[in-house]
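**Q** Residue-level listing of the chains:
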Amino acid sequence: MKTAHLISGSFFDGPASMNKLVTFLNKLAHGFSASFLETNNLKEEYGESSGVSISIQGLNKAFDGKPILKNINLNIEAGETFSIIGPSGTGKSLLLKHIAKLELPDSGQIFVDGHNIHTNNGVPERSYRYSMVFQSSALFNSLTVGENVGLWLREKRVRRESRIRRIIHEKLSLVGLAGTEGMLTSELSGGMRKRVAIARSLAMNPDLILYDEPTAELDPVTSDELAKVIQSLKIKLNLTTIIVSHDLNFALYLSDRVAMMDNGEIIEIGTPEELKKSQNKKIRDFIYTTTKGIKEGK
Amino acid sequence: MTKKLVPINPFHSIGHKILSTAQGTGEMIALLLETVYYCKEAPRNLSSIYRQVNDIGIGTLPIAMLMSLFVGMVLSLQTGSELAMYGSQEAIGAIVGLSMVRELGPVMTSLLVAGRIGSAMAAEVGAMQVYEEIDALKTLEINPVRYLAMPRLIACLLSVPALVVFAVFIGVIGGGVVAEVNPKINVPFSVYYDNMIRALSYKEVLKGLLKALVFGGIIAQVGCYVGFKTKGGARGIGESTTRSVVLSFLLIMFANYLLTRFMI
Ligand SMILES: Nc1ncnc2c1ncn2[C@@H]1O[C@H](COP(=O)(O)OP(=O)(O)OP(=O)(O)O)[C@@H](O)[C@H]1O
Ligand SMILES: [Mg+2]
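Protein chains in written order, with this note's numbering: chain C, 1 to 298; chain X, 1001 to 1264.
This is chain C alone, in the form it adopts within the complex (with noise of 0.2 Å):
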């Protein structure tokens, strides 16, 4: 049974530590004389991306005493663009959101540009800007869509009302939906909503960008058009890409390697012709499925 924690720094932190709670009555403290104002720096910081590295060390995490990741490690440089492949419920959203901090490992280190990311000791908190465009989507639905977009920007207030106006164009324009700003959310299809989720990413201008399931809900055009967009970003900005992806095109195409997670392990890792050429069952299996394309003799 899991022992009760009655102390959390932060309502969304989980079991915390006595620490925790110190330097939550410090901020407590400090807080009422601080002024709100001072978010106003964050506006030097809003610049280009660039990209971050990211190891992840011994990776475990289980729910409910079964354990869904086991022993993940993986280095992904500044710059890449990586893919996670793999049947449905080996744990690859789980990971993303490990990276994303949204998830606390049972063991094991995430480190970005070699910080540990889950103890922040003395490095500011966030030192890089990274976003998730989740499978679902996740809009907030009580927001248009323009306001979902440009949320990170007017909360952070690093622009001028007129110039996030122009950057929630810019961005609905990267994934072709210009002039639906005044929409609401409930009014989009499923691959509309999923196009939004990521202007809404892009909005930050991310140094590491997390893409869950990107294409499943698009057109093949439409994810050709994505694949342009993402190989576009990586070219002009540099950022890290990871994506998980059933779409084998879509990932082989953009990917500067892949890996191949099965039951939650990381079974292979290797660039695209390397996986092509693989001879592991699994990932064979994986890749050269029978129903692709149009029965013969028809």
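Source of the hints: derived by calculation from the structure; they are not laboratory data.
Possibly wrong hints are sitting among the right ones.
Here are the simulated lysine-lysine pairs, BS3-like style, with alpha carbons at most 27 Å apart [as the list claims (entries may be wrong)]:
| # | chain 1 | residue 1 | chain 2 | residue 2 |
| --- | --- | --- | --- | --- |
| 1 | C | Lys282 | C | Lys70 |
| 2 | C | Lys156 | C | Lys234 |
| 3 | C | Lys281 | C | Lys70 |
| 4 | C | Lys97 | X | Lys1229 |
| 5 | C | Lys101 | X | Lys1231 |
| 6 | C | Lys66 | X | Lys1231 |
| 7 | C | Lys66 | X | Lys1229 |
| 8 | C | Lys101 | C | Lys234 |
| 9 | X | Lys1040 | C | Lys156 |
| 10 | X | Lys1040 | C | Lys101 |
| 11 | X | Lys1138 | C | Lys234 |
| 12 | X | Lys1231 | X | Lys1138 |
Everything numeric in this text was worked out from a predicted model, so none of it was measured.
With the hints as your guide, set chain X with the ligands onto chain C.
**A** Quick look at chain X with the ligands alone, frame taken from chain C:
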């Protein structure tokens, strides 16, 4: 693998209940502290606070007034006819006024808001939790407590006392009208009013408003806490709705006892 049968150990389940209650209490206190901490950033979320005040205050006003009108009328009818048996019906103003200001106004209005707004909050925040919107907020560097819980807390702290003022006002008038028109009681409104004003002091009114303030805080905190803890898809959202109503009713009643005990 065969499934192992685990014998049910009563101590185990009782202990588990106690631990989880303690954990829940601790988490709620942590959430409260964090929400209060982020109140310093309220100016950034003015529009959100405004929207919530609109929902809670203006949305609930008609029904709160209607409810308290009937409460005041029934109160006057019941006590008035009882007092008439002893010929002391002049005291009706004081009785209705004091009970509305001290107890019925704050408690009934808060229960109404808890049922109408607290549950909606739990459902809304719960849906955001279940559909990963809270996770999305976190990746956008937006603290969910600041963005969701703080505006709701402030809005409740502003709206509930305001609602109580209106509710008490209408309830007292309702009581007065019944006292005048009911042949058994037959107390003129001016007598009712004088008697009530003499019994009520600013202190009593402030005590009533303090209660309303605390209950408002409870409603917002419970709604957000239950919402943040929602798990398990659409069904989980439904469960959260009910849970928030039950929990805030309990906490309001408990706080009401404590406040009454220490303010007498
Ligand atoms: N918060 C959670 N609580 C309990 N179990 C979870 C949780 N998150 C994930 N799991 C479990 O972890 C496993 C992997 O889930 P995950 O969503 O990462 O799969 P996936 O590889 O992304 O699959 P898909 O390709 O279908 O999206 C699933 O069996 C799921 O039940
Ligand atoms: Mg997934």
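**Q** Look at each hint and say if it fits the structure.
**A** Tested hints:
{"no.": "1", "hint": "Lys282/C to Lys70/C", "result": "holds (17 Å)"}
{"no.": "2", "hint": "Lys156/C to Lys234/C", "result": "holds (25 Å)"}
{"no.": "3", "hint": "Lys281/C to Lys70/C", "result": "holds (20 Å)"}
{"no.": "4", "hint": "Lys97/C to Lys1229/X", "result": "holds (18 Å)"}
{"no.": "5", "hint": "Lys101/C to Lys1231/X", "result": "holds (19 Å)"}
{"no.": "6", "hint": "Lys66/C to Lys1231/X", "result": "holds (18 Å)"}
{"no.": "7", "hint": "Lys66/C to Lys1229/X", "result": "holds (21 Å)"}
{"no.": "8", "hint": "Lys101/C to Lys234/C", "result": "holds (23 Å)"}
{"no.": "9", "hint": "Lys1040/X to Lys156/C", "result": "holds (16 Å)"}
{"no.": "10", "hint": "Lys1040/X to Lys101/C", "result": "holds (26 Å)"}
{"no.": "11", "hint": "Lys1138/X to Lys234/C", "result": "holds (24 Å)"}
{"no.": "12", "hint": "Lys1231/X to Lys1138/X", "result": "holds (17 Å)"}
Violated hints: none; the structure is consistent with every hint.
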